[in-house]
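K.L.:
What follows is the residue order along each chain.
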Amino acid sequence: MSDLRHLRDDFPILATTMRGHPLVYLDSASTTQKPIQVIDAVSEYYKTLNANVHRGAYTLADEATTAYEGARRRIAGFIKAGSPAEVVFTRGTTSAINLVAYGWGLERLGEGDRILLTLMEHHSNVVPWQIIARHTGAELVYLSIDEDYRVDLTDLESALDERVKIVAVSGMSNVMGTIGPVQDLAAAAHAVGAVVVVDGAQMVPHLPTDVGDVGADFLAFGAHKMLGPTGIGALWGRPELLEEMEPAEGGGEMISDVQLYESRWAPVPHKFEAGTPPIAQAIGFGAAVEYLEKVGMEAVRSHEVEITGYALERLAEVPDLEVYGPRDLSERGGAVSFQLADIHAHDLATVLDEFGVAVRAGHHCAKPLMRHLAVPATARASFYVYNVEEDVDRLVEGLEEARRVFGLV
Amino acid sequence: MSDLRHLRDDFPILATTMRGHPLVYLDSASTTQKPIQVIDAVSEYYKTLNANVHRGAYTLADEATTAYEGARRRIAGFIKAGSPAEVVFTRGTTSAINLVAYGWGLERLGEGDRILLTLMEHHSNVVPWQIIARHTGAELVYLSIDEDYRVDLTDLESALDERVKIVAVSGMSNVMGTIGPVQDLAAAAHAVGAVVVVDGAQMVPHLPTDVGDVGADFLAFGAHKMLGPTGIGALWGRPELLEEMEPAEGGGEMISDVQLYESRWAPVPHKFEAGTPPIAQAIGFGAAVEYLEKVGMEAVRSHEVEITGYALERLAEVPDLEVYGPRDLSERGGAVSFQLADIHAHDLATVLDEFGVAVRAGHHCAKPLMRHLAVPATARASFYVYNVEEDVDRLVEGLEEARRVFGLV
Amino acid sequence: MALDELYREVILDHYRNPRRKGVLEGDHIHAEGQNPSCGDEFSLDLAVEDGKIVDAAIQGIGCSISQASGSMMAEAIVGKALDEVTDLTHNFKLMMSIVDGENPVDPDRPGSVLGDLEALQGVRRFPVRIKCADLPWTTLEDALSQVG
Amino acid sequence: MALDELYREVILDHYRNPRRKGVLEGDHIHAEGQNPSCGDEFSLDLAVEDGKIVDAAIQGIGCSISQASGSMMAEAIVGKALDEVTDLTHNFKLMMSIVDGENPVDPDRPGSVLGDLEALQGVRRFPVRIKCADLPWTTLEDALSQVG
Ligand SMILES: Cc1ncc(COP(=O)(O)O)c(C=O)c1O
Ligand SMILES: Cc1ncc(COP(=O)(O)O)c(C=O)c1O
Chain A
1 MSDLRHLRDD FPILATTMRG HPLVYLDSAS TTQKPIQVID AVSEYYKTLN
51 ANVHRGAYTL ADEATTAYEG ARRRIAGFIK AGSPAEVVFT RGTTSAINLV
101 AYGWGLERLG EGDRILLTLM EHHSNVVPWQ IIARHTGAEL VYLSIDEDYR
151 VDLTDLESAL DERVKIVAVS GMSNVMGTIG PVQDLAAAAH AVGAVVVVDG
201 AQMVPHLPTD VGDVGADFLA FGAHKMLGPT GIGALWGRPE LLEEMEPAEG
251 GGEMISDVQL YESRWAPVPH KFEAGTPPIA QAIGFGAAVE YLEKVGMEAV
301 RSHEVEITGY ALERLAEVPD LEVYGPRDLS ERGGAVSFQL ADIHAHDLAT
351 VLDEFGVAVR AGHHCAKPLM RHLAVPATAR ASFYVYNVEE DVDRLVEGLE
401 EARRVFGLV
Chain B
1 MSDLRHLRDD FPILATTMRG HPLVYLDSAS TTQKPIQVID AVSEYYKTLN
51 ANVHRGAYTL ADEATTAYEG ARRRIAGFIK AGSPAEVVFT RGTTSAINLV
101 AYGWGLERLG EGDRILLTLM EHHSNVVPWQ IIARHTGAEL VYLSIDEDYR
151 VDLTDLESAL DERVKIVAVS GMSNVMGTIG PVQDLAAAAH AVGAVVVVDG
201 AQMVPHLPTD VGDVGADFLA FGAHKMLGPT GIGALWGRPE LLEEMEPAEG
251 GGEMISDVQL YESRWAPVPH KFEAGTPPIA QAIGFGAAVE YLEKVGMEAV
301 RSHEVEITGY ALERLAEVPD LEVYGPRDLS ERGGAVSFQL ADIHAHDLAT
351 VLDEFGVAVR AGHHCAKPLM RHLAVPATAR ASFYVYNVEE DVDRLVEGLE
401 EARRVFGLV
Chain C
1 MALDELYREV ILDHYRNPRR KGVLEGDHIH AEGQNPSCGD EFSLDLAVED
51 GKIVDAAIQG IGCSISQASG SMMAEAIVGK ALDEVTDLTH NFKLMMSIVD
101 GENPVDPDRP GSVLGDLEAL QGVRRFPVRI KCADLPWTTL EDALSQVG
Chain D
1 MALDELYREV ILDHYRNPRR KGVLEGDHIH AEGQNPSCGD EFSLDLAVED
51 GKIVDAAIQG IGCSISQASG SMMAEAIVGK ALDEVTDLTH NFKLMMSIVD
101 GENPVDPDRP GSVLGDLEAL QGVRRFPVRI KCADLPWTTL EDALSQVG
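Protein chains in written order, with the numbering used here: chain A, 1 to 409; chain B, 1 to 409; chain C, 1 to 148; chain D, 1 to 148.
It is possible that part of the hints are untrue.
Which residues of chain A face chain C? A few of them, derived with a C-beta cut under 7 angstroms, are [what the hints assert, rightly or not]: (1) His-344; (2) Glu-354; (3) Glu-389; (4) Val-405.
Far from chain A, by Cβ distances over 10 angstroms, these chain C residues were calculated [what the hints assert, rightly or not]: (5) Asp-4; (6) Glu-9; (7) Arg-16; (8) Asp-40; (9) Ala-47; (10) Ile-61; (11) Ser-64; (12) Glu-75; (13) Arg-124; (14) Asp-142; (15) Ser-145.
Calculated directly from the structure, the hints in this document are not laboratory data.
Treat the numbers as computed from the prediction; the structure is a model and nothing was measured.
Cβ coordinates follow ideal geometry from the N, Cα and C atoms, glycine included.
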């Protein structure tokens, strides 16, 4: 196991207990815990630097602006964007996807146009497109999931023709861990002139990301799933598309002039950032990215491969347990969904809770996928840099106990 | 002067310096400073309670949800809303106004319809309506500002007829301090069946607010101008209108069911809160409101009347200085805009900066108003609970120095 | 331990073998409930005659607590007068909200005793799960509100 | 003190009495610049003949630094060859970015000395204001990029 164990000391919450047991946090796909470096960056901002950005003619406001724009630069560097101006701050992944949906889709789609999705999308990469489809008359089309829990590309040729204007796909499933076929889809989409939107909510935190390699046109991701604060995320976009794209929200800071009946927008990225931005959160996001850079995204990835491999091994020992997701570690991240006999996921989560083990249970905001898998709910354990093998051991002990409580042993 | 001086100890930033002088922060209309109680509430959340809300089947997630919904309840109580469900969390005031513009306006307006605004609106209460007007074919109409810097209601009868579907007005001008004629407008608007949206960005932090008395249908406000974190605000709405209103963003958490081609929304207020909400920020917002409740909004208001009165008095002593805003303290809050001889506001701000005094200079995101006042920019001092008379004295000393530097003495 | 108190045998039995599962033919009231945060679903058909519940049928997807609660509820309400059912609902919800209290039956509304339903008392130590136990009852309230 | 270094007499004079204020008639290049965060505006007309700036006119709204910088720039560039103006711009921006350096003129691009413009050196101690001084020069660069 690559040795990230020492990182645990940076996370104050890992020293707390849940229902009397040391917290074993296995819900990082939902939100990650925060290192003290991030928590302090936010507090320090409020204690020493707080002022509104882009507005002030005094030193404090200038320093706040420098810190805010510095965070943007760091995040741009983290995903190897060409320039900080390619990174728009949003409220989170969901907001970032909605921004593309409204700013790009609402203006350009019409009757007869299509939006291509996959069955493994999170609701945040489904519902915005449904809304835009309703407003514009465009149609949604889905790629299915194959037996090995991967996006099924056999129908791609028939599904992806000139009618498709937008392809929206997840870089990594939050339910099955499956890594999305982003590069293949991007190449095929570009061949028919479609624009590719990648939901990077799970991908960016877990895989080294270079937007040049990804091949997408837009990439949405959020801070709170990568050690950062809630309330902040980002949309990366190709500069020429961002130039063309309309802002979704109007307000202060995003204009270069406001007349009574019309306005001119500020340059990219500011035209997309109406109102006072989430300043402290952007700075916290920058601190999170700095933390991840210090750990190294290669190390993050290999730690995750190892602990996921260990988890799959240990779970295979539990009788009557079915895992939904690829077996091949190179095709997946650390979100592991499972079902134990006839025990409902919630009941399983309650038993585990009683042992201090936090797993998620439910539809994971992926109802289309759950219907496809024909399960109403799954339990899900998911990992991040601070998880260790003992966490998996505790999980397995809890599962054994569940089997006892439910009379399966 | 009502004695709030002791509060200063709660604000760590007030102990810092700017350009070598103790910080005199006179830019609270832009953003306020944060008491340690708010800063710590956010940190403590990340250190002990951090989990995603509304999703978890484990204790930590349940506690996070309780804290998040508890903040909603507190904020609802602060504005005397009928129920917490009337309060929707947004990214800030701007987002809240955009939510109404898209969720209510985009669906209901069409050719021939009108939106009535005033010339004192902040860009955040202008640009969203311009965007909706462009999408729907509706028209914008403005009420002017009279010689006493108040909204001019003489034209109201001709401006407000059945064609007007939305009246959007600021509860308090961020430039002139003017309290908006919200109740009068609400009564008149309701008589013709229009819906009233109040931009409460400045009102809610500075005036005791009871949504029942305000008489509006929607009230937008944000945390960062009332001691709270950046990245969070709220939209209050009449329950029956929130029921009818469409969500603007789609995503996780705001649905009750997602099918492939359509979805059903969750009940109010959750249908408006797509994606992981700004959880830590909501909790910080709750702590800010708790702080203000302890001080008491009546005390906040009378402190502000006193310090604004003192400032207007002292500024009247400065030769060649013109103030833009009502003289009558009962008609205004604590944002004081001014121009000193031919010294540009930025130059003034730079001189003041050199004395540690932070004032804003520019168009204050109110270009229509600036054009009406026929000034390209003003300098603005604005006050909040932590300001004391000495802050005003420092400001006036700085202005004297500006007169010297610019050869006016 | 608390888990064994929660997952008593009678609950697992109702979960695995829900009573009155299905739909009603003929005249009946229908209501559906959902816990959006966890996805549990419950639907209820009620036949009411002369102020009395004469038949009931349930369907649902969800955890053992919500489904067992529904199954036990269906058993308990058939044959009861509507006001008795209202009291039963009241007492059930009271039981769910009292964590350390002794007697879950409101002395002012003694109309119904909980009987088997008291097996769900263990849920009270698991605040996260109370809404699961409540789901069928909220659905029942919705159905009853439709009665003339 | 630093403020007196910033607001030197020559700067206030250019602010209050901007040179070459107005617009050009006849053939000319036009460019406009803006600092969105503070609202300063600057517009520039240039008449270019045979690789030389033969006339210039400016208009603007804004602070003393941006307007004085524009006025001094207009004075400095008229009569200069385009490549001299490019060097001048380079050296001006260099001066604005060097906080403690001695010599703001790039020895490799000696084409122009700053002369009067060195009065703007005081701006360097006020980082917030550097973009004000730069605005006319950025507008100039935009104008020059339009030259065939
Ligand atoms: C009157 C008024 N309305 C709206 C806003 C916009 O608020 P925010 O930038 O926090 O969204 C502000 C603050 O800048 C304001 O003063
Ligand atoms: C794959 C995926 N997409 C989108 C989201 C939405 O992210 P957020 O809720 O932070 O907006 C999530 C997280 O819940 C996710 O896992």
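K.L.:
Now tell me if each hint is right for this structure.
P.N.:
For each hint, the structure was consulted:
1. His-344: Cβ of His-344/A sits 4 angstroms from chain C, so the hint holds.
2. Glu-354: Interface hint status for Glu-354/A: holds (6 angstroms vs cutoff 7 angstroms).
3. Glu-389: violated (25 angstroms)
4. Val-405: With a closest approach of 5 angstroms, the Val-405/A hint holds.
5. Asp-4: violated (7 angstroms)
6. Glu-9: Glu-9/C is in fact no farther than 10 angstroms from some Cβ atom of chain A, at 8 angstroms.
7. Arg-16: Not fine: 7 angstroms to the nearest Cβ puts Arg-16/C too close to chain A.
8. Asp-40: Not fine: 8 angstroms to the nearest Cβ puts Asp-40/C too close to chain A.
9. Ala-47: holds (28 angstroms)
10. Ile-61: violated (5 angstroms)
11. Ser-64: violated (5 angstroms)
12. Glu-75: holds (21 angstroms)
13. Arg-124: Holds, since 13 angstroms exceeds 10 angstroms.
14. Asp-142: Nearest chain A Cβ is 21 angstroms from Asp-142/C, so the label holds.
15. Ser-145: holds (27 angstroms)
Hints 3, 5, 6, 7, 8, 10 and 11, counting from the list given before, are not met by this structure.
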